[in-house]
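Student: Letter by letter, the chains look like this.
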Amino acid sequence: MPRNLLTDFELMILLATLRVGDEAYGVQIAREIESTGGRSVLLGAVYAALERLERTDLMVSRLGEPTGERGGRAKRFFRVTPRGLRAVKETQRALMSLWNGIPELKERRT
Amino acid sequence: MTTRHPPRVALWLLNRILPAGDPLTGDLVEEFGRRGSRLWFWRQTAGAVLARRERNRLPVAPLGLTDDPVDGLTTVDRHVRTVNLTASPIYGIGGLGLVALATLVSIMSPASWLVALIIVLTGLVLGGALAYARGRRGASRVPPASPLTRG
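Protein sequences, first through last, are from chains A and B. This note's numbering numbers the first residue of the first sequence as 1 and each following residue consecutively. This note's numbering numbers the first residue of the second sequence as 1 and each following residue consecutively.
Pulled out of the complex, with its shape left as it was, chain A reads as follows (with noise of 0.2 Å):
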């Protein structure tokens, strides 16, 4: 069975990333966590999870042309794998059925 060390951080950073499409960069992405996961990220952090997701083949990358605007810097752009979306889906099971049959997090009808 192959192993997931997926850490909170890095599986935002792959949702992040599936949210903002095939485009996504650095900014785009730390720009979508703070909008939809409510907290600031630095993006040196970002980056280091990045390189850590596409070291261990669950992202890859491809660099932009440079740009004006980034002091003729260029963009590297990120895109999910295959095998990082099984990661993801992984995660998401496990936390589902840790989730289930606590009485504390259902929902309140009124």
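By construction, these hints were calculated from the structure, which means they are not laboratory data. Treat the hints with care, as some may be off.
Unchecked claim - Here are a few chain B residues that face chain A, going by a calculated C-beta distance under 8 Å: (1) Pro-23; (2) Gly-26; (3) Glu-31; (4) Leu-117.
Cβ coordinates follow ideal geometry from the N, Cα and C atoms, glycine included.
Start from chain A and add chain B according to the hints.
Tutor: Coordinates of chain B only, in the frame set by chain A:
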């Protein structure tokens, strides 16, 4: 505190710590153009420096979905080192052990301390003489001619 240009010192620092072509600096410059906060840029730079330092460490995985939790824990990088705080020269014997040993020697054979003192003094004298002789030999030695200066 807003401005159009990112702090130069922070940019210099980023260029120093990040490898050439790293997209992080470009992302920060781009986002700075939107936010315009020097404080934000400095905070991100400090975060980048820290993240760079921690990059080679594996993360503690709060959502570590592993089939073997014990094996999963072993993948967490451990930076455990043993530090000799007792200043004991003998491996495995700490400060209390040395005190006990010294007490035992004093009781059983006090004359041993005289022998130990003679050994230490002899070592010091020999070491001093050796260092002095090497110093004299080094001062009198003529340096060999450099092949670059050969006519």
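Student: Now look at each hint and say whether the structure bears it out.
Tutor: How the hints compare with the structure:
Checking B:Pro-23 against chain A: minimum C-beta separation of about 4 Å stays under 8 Å; hint holds. For B:Gly-26, the suggested interface contact is upheld, since its CB lies about 3 Å from the closest CB of chain A, less than 8 Å. The criterion of a C-beta within 8 Å of any C-beta in chain A is met by B:Glu-31, whose closest approach is roughly 5 Å, and the hint holds. A distance limit of 8 Å between C-beta atoms decides the matter here; for B:Leu-117 the minimum to chain A is near 58 Å, and the interface restraint is violated.
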